[in-house]
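Visitor: Chains as they are written, first to last, in the numbering used here: chain A, 1 to 253; chain B, 1 to 249; chain C, 1 to 296; chain D, 1 to 335; chain E, 1 to 386.
Watch out, some of these pointers could steer you wrong.
List of simulated lysine-lysine pairs, DSSO-like, C-alpha gap at most 27 Å [stated by the list, open to error]:
1) A:Lys246 / A:Lys20
2) E:Lys292 / E:Lys347
3) C:Lys283 / D:Lys109
4) C:Lys188 / B:Lys63
5) E:Lys169 / D:Lys134
6) B:Lys202 / B:Lys220
7) E:Lys65 / E:Lys205
8) E:Lys74 / D:Lys278
9) E:Lys243 / E:Lys74
10) E:Lys205 / D:Lys134
11) E:Lys243 / E:Lys166
12) E:Lys99 / D:Lys278
Note that these hints are calculated values from the structure, not bench results. It should be emphasised that the depicted structure is a prediction, and the values quoted were computed from it without experimental measurement.
This is what each chain is made of:
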Amino acid sequence: MALLRVENVTKRFGGLEALKDVSFSLHDGQVKALIGPNGAGKTTLFNLISGIDRPTSGHVFFRDEDLGRLAPHMASRLGVGRTFQHSKVFDDMSVLDNVKVGRYGRSHAGVFSAFLTLPRHRREEKAISEASLRALRRVGLGDRAHESAGNLPVGDRHLLEIARSLASEPTVLLLDEPAAGLNNEETAQLAEIVRRVRDDGVTILLVEHDMGFVMDISDEVVVLDYGKKIAEGPPLMIRNDEEVIKAYLGEDL
Amino acid sequence: MSELSLSQVSTGYGRIQILHDIDLRVGDGEIVTIVGANGAGKTTLLRVISGLIGIWGGTVTFKGRSLSRSSVEARAGLGLVQIPEGRQLFGSMTVEENLELGAYCRRRDGRPFLEKRDEVFTLFPRLGERRRQQAGTLSGGEQQMLAIGRALMAEPEMLLLDEPSMGLAPLLVKEIFTTLRELNSRGLGMLLVEQDARIALKLADRGMVMERGRVVLEDKASALLDNPEVQAIYFGQHGGGGGSRTENE
Amino acid sequence: MTFDQFLQYVFSGVTTGSIYALTALGFTLIYNATNVINFAQGEFVMLGGLTAVSLHEAGAPLALAFVGAVAIVATVGVVFQLLAIRPLHSAGILAQIIVTVGASLALRTGAMLIWGREALPLPPFTGDEPIKVSEATILPQTLWVLGLTLVIVVTLQLFYRRTLTGKAVRACSVNQGAARLMGISYSKVVLLSFGMSAAISAAGGVMITPVSFMVYSSGALIGLKGFAAAIFGGLGNPAGAVFGGLALGILETLAIGALPMSGASGYKDAVAFLILLIVLFVKPQGLFGGRSVEKA
Amino acid sequence: MAALVFLRRHLAFLAFSVVILSAPLFTGNIYYLSILAFMATRLMIALGLNLLMGQAGQISLGHAAFVGIGAYGSAIMTTRWNMDPWLAMLFSAVFAAAVAGLIGVPTLKLKGHYLAMATLGFGEIVHILLVQFKWLTNGTDGIGGIPSLAIGGIDFGDPQMFHWLVWGVVLLMLRISLNLVDSRVGRSLRALHRAEVAAMSLGVNTSFRKVQVLMVSAVFASIAGSFFVHYVQYVSPVSFTLTFSVILVTTVVIGGLGNVWGAVWGSVLMVLLPEYLKRYNQDYTLLVFGVMLIVIMIFLPGGLVSFKTLVAKTRERLGGARTASAAGPGPARGS
Amino acid sequence: GETTTTTTAAETTTTMPAETTTTEMAGPSGDPIVIGAIVSATGPASPLGEPERAALVMLEAEINKVGILGRPIKIVIEDDQSNPTEAVTAVNKLIQQDKVVAILGSSISASTLAIKPITEAAGMPLMALAASNKITEAPIDWTWRAPPRDALAVGAALGYIQNTMKLTKIAVLHDENAYGASGAADVAARAADFGLEIVATESYKTEDTDITAQLTKIKGASPDVVVVWGTNPGPAIAAKNMKQLGMTQPFVGSHGIANKSFIDLAGDAGEGVIFPAGRLLVPESFTNPAQKAIVDQFVAAFTAATGNPPPTFAGHAFGGLTLVLEAINRAGSTEAADIQKALNETKGVITPDGVYNYSPTDHDGLTPDDLTVVMIQGGTWVLAPQ
Ligand SMILES: Nc1ncnc2c1ncn2[C@@H]1O[C@H](COP(=O)(O)OP(=O)(O)OP(=O)(O)O)[C@@H](O)[C@H]1O
Ligand SMILES: Nc1ncnc2c1ncn2[C@@H]1O[C@H](COP(=O)(O)OP(=O)(O)OP(=O)(O)O)[C@@H](O)[C@H]1O
Ligand SMILES: [Mg+2]
Ligand SMILES: [Mg+2]
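With the rest of the complex left out, here is chain A (with noise of 0.2 Å):
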């Protein structure tokens, strides 16, 4: 059975349909792509998927369940981690602190054994301490662990959004742009992390305007334009699709 279905889902804001009847699903192991032009309406399914955003009619499961119904925490809590299209770091905690927010659905200390700082309470620190560093260390940041997030240039921004979302040890991880703003080299290197991940047995769903890096690592493509999928298939599938390329990929192909 497919891990993440989205079903018949419409967006409206007030006017606009943002997304409409838009369905398909992710399967087990899959890297998947999701591209569009700007404003077709992504990033909005995005915020439908991690459960920030509700959709106006259809459903998202994540296995059986409707994130569509519960409170916005919980699709993090089941398994959906994501990253921002505008990078949503923590600026003035340090890195490790960030990624250690990514441990928050996996520990339980609560109020009161932090107030007295329980023997169980600090070996859970210790563990959520180490699985962060392992995390950082996973997309090349463990050496800057004790900067300032908001120091980080761009890219490494992406990159930190990744390893903390990765703390929280997602089946699926929805990656928004994570190329943008980065060279061919660190592009290539970003490949590189997110196939390892994958290979860790980590879903990903992917936005990215980068055809190269997009036909490069994903599986299948769904492609979006003005809130409609019109089309889905293979990377080579896509790329020859002419109404695709009329929409998206540019006719002088």
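Model the placement of chains B, C, D and E with the ligands on the given structure of chain A, informed by the hints.
Guide: Structure of chains B, C, D and E with the ligands alone, referenced to chain A:
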């Protein structure tokens, strides 16, 4: 003439020095592009030129005058206009109001607002459709269009662009670079920071490569395009798959 | 409650309401440019009234005392901005807010030292013969306050929505850095806003003094109510501020009339604030507030 | 070795504890002790407010009301219903927490400073009720004859004993604040303050956490109110106004937000400074105090805790200026 | 009341220094006798506290021309900012730091009630300057009061309405602060004793800018007379608002408007306003020549020092200080117990507020006769028509 030049500029944040003795010249009507890794200091350099951060040493001159005593807003008034990283739109104001504010520094001496606005709408029809929408709710790409449009409203004499292609669909990147070329052909000088080195160098007259706050390579754009070292790092093919997002050009 | 009584309550509400409205406008002006809540706003009202009293005592005709007081308080606002707020432009909003708290203490105490501890009167602009509407009465002075409030709010609304300078002010509150890149001088915008804000509040102070007198401590309650009114109307919106002020004033007085028991007036503010809370819970943007949205 | 590490980590806390707890050994002067007692209650409130503002980024303009709930709760329950003071303190705190929850739930799921607005209105309503519910609160006359605290044979009506009691509680609150900041919960609060959506997408139940920290800070404030009335043995509504709430916010900001020690320095300053200024000319006290608040903010916009950075920065600026002038024209203007 | 003893007692006191200046050969010497005072010189109650402070400052200088027990006095004045908490700090300071022998204060009832437990516990004589009835409810081992308590003023006002005006339906409008609330509560408690019916009770906040709404409601209840209990500027606004609303009922105020400021503020609307006050306000009303002499001296000295005639509150401070110093003088000691004893034995001491006879159980000392009822006429005070 609208010539921008930096000599021996250095600066940093807090105690950490980021830029080291940068020399740079962008001639009238010239396009200079800067490529460099993440964190090389490109954005910092543009901030220094706009006056958003102070400098520790060196000089910045524009149109032959030293800018060391000019405020951010005064520099904009001189025609030195930046399209900042991350767009920095006025999120709770409408598209149209954003454009109007773009023309703020030309409120006394510029061309009529409506004329310029319609030009922007011709350039980016998407913005015309969304003219009453709050800028903060535009999609990433729409926001980028608006940021460029807003800068054009200022009738810049020198445009500082920080990664204009970021977040744009391939089709749109091409369109925007076509627009930039067109603007340049009307005599507008540009300092362009861009991750997509190939498309940037194709547009530019000259190019510079920055590494850790220093200019390590400077040459004609065409020469850099052919430079194997640059090719390897900035348009190297990764993973055997695709290449640059404009590879199809 | 008979109709005449109702009318009288509304008139009472309008009298206090318009002063809340003018104070709320003052809050709005500064908030719009800087996102700062100016806790010294009520002090501007108080200073306006007391300065006018002194000018009038010194022999200035009322009109001149009015203009003079407004000009002097506007200068106080500008000087305050230059000395205390400007150095903190880059230091964050909270620091600036605390500075306004300090200023309110200092201004209030300064006023006490200058004008003493007793309330001072000012003659009404155009006589104090009440105007009768049905059986209810309203003072000509109240009509002055109300009229001026409306003129100011319409002007301000046009200023913010129609003029480029007005939009520049809004731009500064949204994104200071970007505004400067557009060639907008943030410093000038903020200075302008403080000056205008102080001037408007001072005008309110001068106009209310013939009705309710003025004492150095008057600013506190007026400031609080003005702030509540500004929130009520959706902070940042001039029309909302005026609506909020009038609504708060009228709600307070109607509460007196509507609550059946004797001694209801003790609860009038509680009723007003309760309604304010309900509005907050039900329609958090305030009655007139724009939608504030942020993109994920 | 381990002891040494422990000592270094907790040096500030231990030093502070020793100094404050030994104070009565040096002075039995009730005046000094009363100032310290007021400082202690102020610090309790500031610690809670510092968590709310510094960690979760929410402002309360009605904290005086939570203090009032503790103060009046204790006063009413002990004088009218003859309840045990400790029990009264507990019930008041629970009540304060419940009220905080009621205000927090609808406002804290919204983005923006709705909590500040709601607490402002709430604070005013509480003040009005304290004045108007004469049958319960005695109105503006206030309630007197509140018993002092006692445990077993120890009477905390004695100023020295009270000092140890109240500062003991303060130290406990300080300790748990420090612990909280350095924990999973503390991090999640800071995170949601900076980017709420991101925190949510990492599994942080942001509204819950915000409400929770509001409740904690209300409890701190309420306990402070209870201690206050058992010390003064009298309570009237004049203390629980917006002005006091604003002073509380000022205490926290001027000390330094986001750093628990900021609450300490803020409370010390805000209690001692006016008391000290009063010695000169009481009419000018608030004038000078207001101006000093402004001056402190201008020089230490990060609050008193940023003093160290200020010193470092000034030193560096002096050094920096030298290099700049050597390099040629002065540093360019910018922010 | 006036008895023959009063005159004698007044002659023996040394409270008014001018009387005795010539009899002393040199100025006082030795350590000063330190008296503490807590006044509300700033904050909402500053119209009360500031004249009190001015009076004390003036009196300290005057008294030190002769001294008490041959020693100079020193008055340490603390400002409680109209806030009971501040009063508590202040009282601790006075006791601990300044080692005062007695304390005057505070101007407001809330502060006084807040410090009373401390002075009672410390065995420190406290001469209250505020009016709330509660202040002189037990325990009063160490607490006395100088001004007439609310009950006296309320009695005078209500008595006048009943006996002279012969009206029955009253409406009460009061300030929500301690002064107004306490007075209103007393009116409510005792109206029936005077055969009066309260048809409406409304209140306003001290800083309210308009009171027409409250008055509209009062008007709807058609009272015969409106009783307004508060300090400036509220009652003045009320007077103007009543005029605006065309209310013709008489305005009966409290002793809280016994100052020039009310007349200035209310203007025309203040004409005909009636209120109970100490005789200080209408010095010619003093029937007791000794009291008149003392008051005349005080009025002259205060006016010379401050440029204004003394408001009632200045008189309270003068009275409080007089009572304390007279007791010290009589006791010949500054020991607390001696002062306590002397105060309890106070007989016939005269102040602008009246003639005081304290006893171990009566720490108010005044009788209703010590108050009079005045009316504003032609911009000044005259005795109200009987
Ligand atoms: N909160 C909102 N209110 C109104 N319109 C919105 C809102 N959020 C998004 N939109 C609109 O919905 C459309 C889809 O936006 P979305 O951000 O999903 O696009 P996108 O595919 O991510 O584009 P890009 O690649 O440029 O980031 C856009 O036209 C945008 O203006
Ligand atoms: N506000 C800041 N405070 C401290 N350090 C900063 C700040 N902004 C940037 N830096 C640091 O300055 C260096 C240069 O950053 P800059 O943003 O100029 O790089 P860039 O070349 O534009 O990178 P990118 O390609 O990611 O945009 C980086 O190491 C970054 O960590
Ligand atoms: Mg997007
Ligand atoms: Mg950059």
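Visitor: Now look at each hint and say whether the structure bears it out.
Guide: For each hint, the structure was consulted:
Only pairs whose Cα atoms come within 27 Å are accepted, and Lys246 of chain A paired with Lys20 of chain A is accepted, the gap being roughly 20 Å. A threshold of 27 Å between alpha carbons decides the hint, and for Lys292 of chain E with Lys347 of chain E the separation of about 18 Å falls inside it, so the pair holds. Distance restraint check for Lys283 of chain C and Lys109 of chain D: the Cα-Cα separation of roughly 13 Å lies within the 27 Å cut-off, and the hinted pair is therefore satisfied. Taking the CA atoms of Lys188 of chain C and Lys63 of chain B, the gap is near 26 Å; set against the 27 Å cutoff, the hint holds.
Among the hinted pairs, Lys169 of chain E with Lys134 of chain D is consistent with the structure: their alpha-carbon atoms are about 24 Å apart, no more than 27 Å. At most 27 Å may separate the alpha-carbon atoms for a hinted pair to count; Lys202 of chain B and Lys220 of chain B meet this at roughly 11 Å. Restraint check for Lys65 of chain E and Lys205 of chain E: not satisfied, since their Cα atoms lie roughly 44 Å apart, outside the 27 Å limit. Distance check on the hinted pair: Lys74 of chain E and Lys278 of chain D sit about 18 Å apart at the alpha-carbon level, within 27 Å; holds.
Our distance criterion of 27 Å between C-alpha atoms is broken by Lys243 of chain E and Lys74 of chain E, whose separation comes to about 48 Å. Distance check on the hinted pair: Lys205 of chain E and Lys134 of chain D sit about 16 Å apart at the alpha-carbon level, within 27 Å; holds. Straight-line distance between C-alpha atoms of Lys243 of chain E and Lys166 of chain E comes to about 23 Å, which keeps the hinted pair within the 27 Å bound. At roughly 18 Å between alpha-carbon atoms, Lys99 of chain E and Lys278 of chain D fall within 27 Å of each other, so this suggested pair holds.
Hints 7, 9 from the earlier list are contradicted by this structure; the remaining hints agree with it.
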